[in-house]
Structures are given as structure tokens and as C-alpha cells.
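Let the sequences and hints guide you as you build the complete structure.
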Amino acid sequence: MEADGTTNVLIGVQYIRRLWREFGTTIQWENVSESLVHSWNLLVSYFMVPLLRFVLVICLALTVMILIEKLFVGAVSLTVRIFKIKPEKRYKWEPIKQDEEMGTSVYPMVLVQIPMYNEKEVYKLSIGAACGLEWPSDRVIIQVLDDSTDLAVKDLVELECQRWKSKGVNIKYEVRNNRKGYKAGALKEGMKHDYVQDCEYIAMFDADFQPESDFLLRTVPFLMHNPDIALVQSRWRFVNADECLMTRLQEMSLDYHFKVEQESGSTMFAFFGFNGTAGVWRIAAIADAGGWKDRTTVEDMDLAVRATLRGWKFVYIGDLHVKSELPSSFKAFRFQQHRWSCGPANLFKKMAVEIMQNNKVSFRKKVHIIYDFFFIGKIVAHTVTFVYYCTVIPLSVFFPEVDIPYWGVVYVPTIITLCKSVGTPSSFHLVFIWILFENVMSLHRLKAALTGLFDAGRVNEWVVTEKLGDAHKTKHVVIDISEADKLVDSLLTDKSADSHLTKPCIPKLKKKKAGITDRFYYSELGIGAFMFFCGYYDAAISKKGYFLYLFVQGIAFFVAGFGYLGIQTPND
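The sequence shown finishes on residue 588 if you use our numbering, and the numbering steps up by one all the way, no holes.
Read the hints as simulated data drawn from the structure, not as lab findings.
There's no promise every hint is true.
Claimed, not checked - Mimicking DSSO-like on lysine-lysine, the simulated pairs with C-alpha atoms at most 27 Å apart in a straight line are:
id, residue 1, residue 2
1, K183, K136
2, K376, K108
3, K463, K140
4, K102, K365
5, K170, K208
6, K140, K204
7, K463, K196
8, K204, K188
9, K140, K170
10, K309, K365
11, K196, K136
Predicted model only: the values in this text are computed from it and were never measured.
This is how it looks when you write it as C-alpha cells:
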């Protein structure tokens, strides 16, 4: 048997040697190289170039669609400004008149809701501003909905509510034993209390929002005199817009949203997306629309769309400003943009059929909601920004056959940029940097939108945007000794407060010490490296002239990737 095995091996070896003598020495490696090059050329010619051209055509078409939409809303906003078509001209509005016989009963009951979650730095601002609203004290209820998991913060918020209650303010401090539904769950739970049944309207403010004292006097009359209006929305004004470059760039985007998009939606269709805060709702409209739902992370937009489909109208007051805070760290901003991009896409998926089948609103309004509001504003804008400007244009330098028309690279993008820059004229000199910043953020917005459309892993992720107030600023603090003594006395006499000061009920997780690489954002760094490689190839070989844009955009991605956008916070 062993002899037979050895014989078989020898025969095999001899056979291989004969094959090598006959064929191995005849292999021409130059021919192999030529064959591989030919195969690659076929792949490029019949697959890669047609695919890139197809994506380019789609991107150019979508870019033109965005241009038309921007020109339309811009024209509406300009018309409103030129002819001064204020909401007071389109709807009935009269100041509330005093009546000696009726007394304060001429004022409707208003509930002011302030949802909170571990808002240590800003809780006093919103509570104080809400308690300072000009409205009869017996006709307003301040409801603080505290979902805080930090027990120390919880005690501070409750103590602040007690302080205002001792001054005669009708303020309610409400908590629940879970965070189900996040903000939507808190708002829904807050509506279940008996005292809410006496209220007609609800004013809503996030923890960092500070309304002016006349906020209710300017908004509620719209609801009183126009029974078909469900929502009155005010405009945000940012107290920390000048804090850093990133907050300035955010201000440019949000000012355009309010001055142009919200204004045109209110004027033409009596519809826009509720911003979740700084607005007043008619309670009957909330109930008619089905109440708060937590199926997406944009409960405010969800309610707005459902209320519109029931026939309710919205009003936007552009000259009524409410102070608020922008996220000033890049980490917080990324989380916020994920929620703002993922939620609308997910809501669009869940409501598209319902919107099309609705019979209570006009066909024109349905087209506006589906096409302008959702498709162009929440899907196409994110897709084009990243796929076209950060993928197709860079890849085109490798393929001479792919020629992008000049109007698609220069004219149309320039007009779109100019249309969107009108929101903040004082920051016009930052337009070029703003474009680079928007392209960087398009990476996350597109990922978030796709997550929402396909119900992927992070579709229901809710990370509360970090607010800093003045906590990150170094400054001298003047302490009122008498007030401090009162606070200490109250804590010493409160056994419940003493217990949490000595022994925490919830043990804190130990955080590992952050290393220098923990501040890096690798997706941005990867796209930045890709941009630089494409720019080098264009400058050295293809000569299409895109290298300057590619290098600068690559630098923008690197700046974000290395964590140099915004300010650094303790949580970073």
C-alpha cells in the first residue's frame, strides 16, 4: 500500500512538471497585464461610467428641484415683507379688553408646559421667564414636567418651583417614574392632570427658552378670535449665536428656516412644522388630532401634520422672538441633527399614505406637505448635499468621460446659496465657510434620514441636546448671603434632601479617562482623506479644476474630524 501511495505521488509530480514545461514557460506576463487593463477598461466603460453618469443626472435634476423650491419660498417671503402682509392682516386679532364686571375671566385659562431632563444649567431661566408672563395669576398654570434622572437636579428644580409658588404663582411640579416616550410621553402625561381640563390653550417652552413677558398677550388673541387656528408659532432668537464660529453658522441655517420657510408656509398654506417649543396650541386641536404620540423622535412635527390633516390652520409670527440657546459643542450638535433628520424621514415613511388618502385638506396642500415639506426639505436636501457635492464631483476626476455641466457646478449651487443666505445678512461674509460646514453635516443628516426611512438601529435614539447656559464661562459670581442662608436652612431642615446629599440612590457609572483619540470623529476624517486624494489626483493628472474645492472641503472635514468645531465641554 505504501508503495502504491509513493508511486501515485511520483506520477503526480511528473505530471505537474510536464504541464509546467509545456505551458508555464510560455506565459507572457505582459499579456496578462494587458488583459487586466483591458478588463478594467471594460468595467469602467460599461459599468462605472454609466453608473456615475446616471447618478449625476439624478443629482442635477434634484438640484434643479431644490432651486425651484428655494426660489418659490423666497418669492413668497419677499412678497410678505414688501407688502407687509402680517398675520394681523390675514386673521382677526384684537388685544384682550379689560372688563370691570367680568374681571379676569375675560382671559382664557392657559397652561404653560416646560418639559425638562437634567437641565441643571438652564432650568431657572425658563421657569423664571414663564412665571414672569403678563397674565392674570388665577388664569394661568405653570406646569414643570421633570424627567430628570439626576436626583440633585431634580431637587433643585423642585426647590425653584416651591420658591415661585411661595410668591403666589400657580405652578405645578410633576414627575413620573419612567421616561417612556421621552418628551412626547412627558407632555402626554402632563395632559392627564385634572387641572388641565380647565385650560383652553397650552404654551410650550423647552428648558432653555425665555419668552418675553408679553408673549401670551400677543399669541393667545389669534386663537381666541379665529376658531380654525390650532397653533401660533413664534421665532427663535439665539442668545449665544456669537459664542463661536459653529453657533454663527447654525444661526444662518435657522434664521433662513424661520424667516423664509416658516413665513412662506404660514402665508401660503397655513401649515409648517411645529418647532416643539415657543408656540401656543389650542387644546381641543391636540385632542382632535389624536394627542401626543411617541412613534418618532419628532413628536412636534407628528402632531402638526395630523392636526393639519384634520383641517386646522397654523400662524407664524415672525416679529415675536423667544430667546433660546444653540448647541455649542460639535458632539451635541451631531446628536441634535441626527434627531432632526432621522425623525422627519421616519414620520414621512409612516404618514405618506395617510396624507395622500386624506379628504379634509385640498390637493394643493397635500402636494405641499408631501413634496415641498417632506420630500424636498427632509430627504432630497440631505441626499443631494452629500451625494453630489461630496461624492459625485470628487469621483468625476477619475473619469474623463464624466463631464459635469458648468451650470450644475457653479450657477445653480450659487443661486441656492444666495437664496439661503438672506436669513442672516450680518453673516454674509461667512457664506463660503457655511457651505463647507453644511457639506460636512450632510454626511450625518443623510445617514440619519436613511436610518429613519429604513427603520434602522438608531431610529428611536433620543439624546437631549446639551445646554450650557453660562456654566462653561469663567466669571466672578456674586452671592446673596441672605438667600444662600435660606437655601442652606431649607436643605438642613429637609430630611429627604439630606439623604441624597449623603448617599446617592443611584450609583454613578465610572467613566474611563478620555484619551486624545476619543475626541476624533473617524467618519469625517475618512471623507476628508478621500477629498484630499481626489484633489491631488485632479491637480496632478485629470486637470478638471476641482482640486481647490476638494482640498478646502477636505480641510473642513478634517477640522470637524479632529474635534475643532465648537467649544469643548466637560461631557466631551
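> CA of K463 to CA of K140, is that 27 Å or under?
Replying inline: Between K463 and K140 the Cα gap is close to 36 Å, so the pair fails against 27 Å, i.e. violated.
> Hey, K170 versus K208, does the alpha-carbon distance stay inside 27 Å?
Replying inline: holds (21 Å)
> Are the Cα atoms of K196 and K136 separated by 27 Å or less?
Replying inline: Holds. K196 to K136 sits at ~21 Å (cutoff 27 Å).
> For the pair supplied as a hint, K376 and K108, is the alpha-carbon distance within the 27 Å limit?
Replying inline: holds (23 Å)
> Does K204 pair with K188 here, judged by a C-alpha cut-off of 27 Å?
Replying inline: Distance ~15 Å between K204 and K188 Cα, so the pair holds.
> Given the proposed pairing of K183 with K136, does the C-alpha separation stay at or below 27 Å?
Replying inline: holds (22 Å)
> Does the structure keep K140 and K170 at a Cα separation of 27 Å or less?
Replying inline: holds (12 Å)
> K140 and K204: Cα distance at most 27 Å?
Replying inline: holds (23 Å)
>> Hinted pair, alpha-carbon criterion (27 Å max): K102, K365. Please report holds or violated.
In response: violated (34 Å)
> Is it true that the CA of K463 sits at most 27 Å from the CA of K196?
Replying inline: holds (25 Å)
> Taken at face value, is the distance from the CA of K365 to the CA of K309 at most 27 Å?
Replying inline: holds (15 Å)
Consistency note: the structure conflicts with the earlier hints numbered 3, 4.
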